[in-house]
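Enquirer: Each chain is listed here by its residues.
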Amino acid sequence: MMDELRELYQEVILDHSKNPRNFRHPEDANHEAHGYNPLCGDTVSVYLKMGHNGLIEDAAFVGKGCAISLASASMMTDIIKGKTEAEAREIFDGFKKLVTGEENDFDAGEDTDRLMMLAGVKEFPMRVKCATLPWHAMTSAMDEKPEVTTE
Amino acid sequence: MNDMTTFDVEKVRRDFPIFSREVHGKPLAFLDSGASAQKPTAVLEAVQRAYAETYANVHRGVHYLSQASTDLYEGARETVRAHLNAASIDEIIFTKNATESINLVAYSYGWTNLKPGDEILLSTLEHHSNIVPWQLIAEKTGAVVKAVPIDAHGEFMMEAYHDMLGPKTKIVAVTHISNAIGTITPVKEIISAAHDAGAVVLIDGSQAAPHMKIDVQDLGADFYVFTGHKVFGPTGIGVLYGREELLEAMPPFLGGGDMVGRVTFEKTTYAKGHSKFEAGTPPIVQAIGLATAIDYINDIGFEKIGAHEQALLAYATEQLGQINSLRIIGQARHKAPIISFTLDGVHPHDIGTIVDRGGVAIRVGHHCAQPLMDHFDVPATARASMALYNNRADIDALVESVKSVQEIFG
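So the sequences go chain by chain: R and Z.
Everything in the first sequence is counted per numbering that gives the first Met the number 0, starting at 0 for the first residue and increasing by one.
Everything in the second sequence is counted per numbering that gives the first Met the number 0, starting at 0 for the first residue and increasing by one.
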């Protein structure tokens, strides 16, 4: 019982959920989207400051959610800061395949190890939406679609 | 050992085949009956027999099986009538579930009788299925939906209710038992006060039906609804009780076969009694299964079921209450065996995932009662809901699993 759970709730995940990074609403954000999971009522608002050439100069979030969604949002905002929009979308594509169990090979360059921490989610299909909600909110923010739900 | 006063929970558990299985290598501790209850062998066999031995459509054939099927289906209606102590079988309508029963009343009674400015009183305790149909009808009619508040313990506030009742109140729709926190509401007083104000009352008995004897005449209910799957019957079957004089004056809800008198393209007349509200082929086998489930619980008796469940509720409340940082949401004086709780620093979804690995099935989330969650200022809770087949070992497994949540979260 405990092995898969320890895999899911690793120290790093718990740390991110208890002390989420970039948990704020930056005033100079120029893109934002509000993600909502109607099944559990969880919310996450993602704020991006996009510069020229699609560079993500700042990324932050505010929300209420479980450890998985908070940790995922915390890591995501850390990772995409300083990357381009195209790079961020590519990481999400790979991450999505990782947590749904579609592909085990996951390569996100220097961010691979960090995101692999969330790979335990694939053993818990009911929780995949928790992990991907902030990422969906991120792409919605880029697409200038202010609302996104998991359903 | 035919002592009529004893209740042997282990014997009851043997009536439910699901309890012979394990989940994640652990004995199943099923504490999610508030979402849907498990089925006894008697119901499974009745469903199997109805398909294997007597199956045909009802109310339309002259052949042997159609008559046999009709007898069983209409027999189920009589079982439900007797169970609720309704005055007539024409007051018992089979629907798909409690949600459809409420929608039927909202659309057929509400749409016909509500005028702009009329008021529909609900309570903060309501399940979304007893909120949304009324909002839809309010939009169409110009009526206004208002919610009677609850106090910090989760009790329905009678004084506020009396203040809110008035000449504009046309419909009161209140739950008998809160699905999310277990509060038992004083429905008899609620109904009598509504009648004094000239309003009709719908009671949502979805959570009450598995736990207590319901006597619609004693309560004075105008409409009473419940669903089959929460009372150990199949899915796809619900019940609407309605007072005959109200039902007679109401237009049909759904149109189709079986609910008509004579159909021409110029004018159609409608069937009388319960048939007016049962368009199309009904949930035949599901109704037969529901009747078997009702017979099953009545054979045991609500007195024994209630005593067992209340003892279990007290045990669970005490055991969970000893866990540090666990907060029980909803502490009404009269509660059904439902405990909603939160753990400091842990989201209910994480609780649900972790206890599941211990074989413990609970519901986590907003329980389709978001206004109630807002009242307690929580986005979600974890909910353990018990039924006649739960025992102390189930509660012990829950307590152990909650402790492992704390271990993991440190």
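No lab work stands behind these hints: they were computed from the structure.
Keep in mind it's a predicted model, so treat the numbers as computed, not measured.
C-beta: ideal position from N, C-alpha, C; glycine also.
There's no promise every hint is true.
[What the hints assert, rightly or not] Residues from chain R that face chain Z, not an exhaustive set, calculated with beta carbons under 7 Å:
no., residue
1, GLY40
2, GLY62
3, LYS63
4, CYS65
[Said to hold, decoys possible] Coverage of chain Z stretches by chain R, computed from C-beta distances (three or more under 8 Å per stretch; other residues unrestricted):
no., region
5, 144-153
6, 335-348
7, 352-363
8, 400-408
Enquirer: If a hint holds in the structure, say so; if it does not, say that too.
Expert: Status of each hint after checking the structure:
Satisfaction of the interface hint for GLY40 of chain R is found here, the shortest Cβ-Cβ separation to chain Z being roughly 5 Å, below the 7 Å cut-off. Hint on GLY62 of chain R is violated. Least Cβ distance to chain Z is approximately 10 Å, over the 7 Å limit. The beta carbon of LYS63 of chain R is positioned within 7 Å of a beta carbon in chain Z (closest approach about 5 Å), and the interface hint is therefore held. At a threshold of 7 Å, the smallest CB-CB gap from CYS65 of chain R to chain Z is about 4 Å, leaving the interface hint in force.
Only when three residues or more bring their CB closer than 8 Å to a CB of chain R does the claim for the region 144-153 of chain Z stand; here the count is 0, and the claim is violated. Beta-carbon proximity to chain R at under 8 Å applies to 5 residues in the region 335-348 of chain Z; the threshold of 3 is reached and the given coverage holds. Residues of the region 352-363 of chain Z with a Cβ under 8 Å from some Cβ of chain R number 5, which satisfies the need for three, so the listed coverage holds. Under a criterion of three residues with beta carbons nearer than 8 Å to beta carbons of chain R, the stated coverage of the region 400-408 of chain Z is upheld, 3 such residues being counted.
Of the numbered hints listed earlier, those contradicted by the structure are 2, 5.
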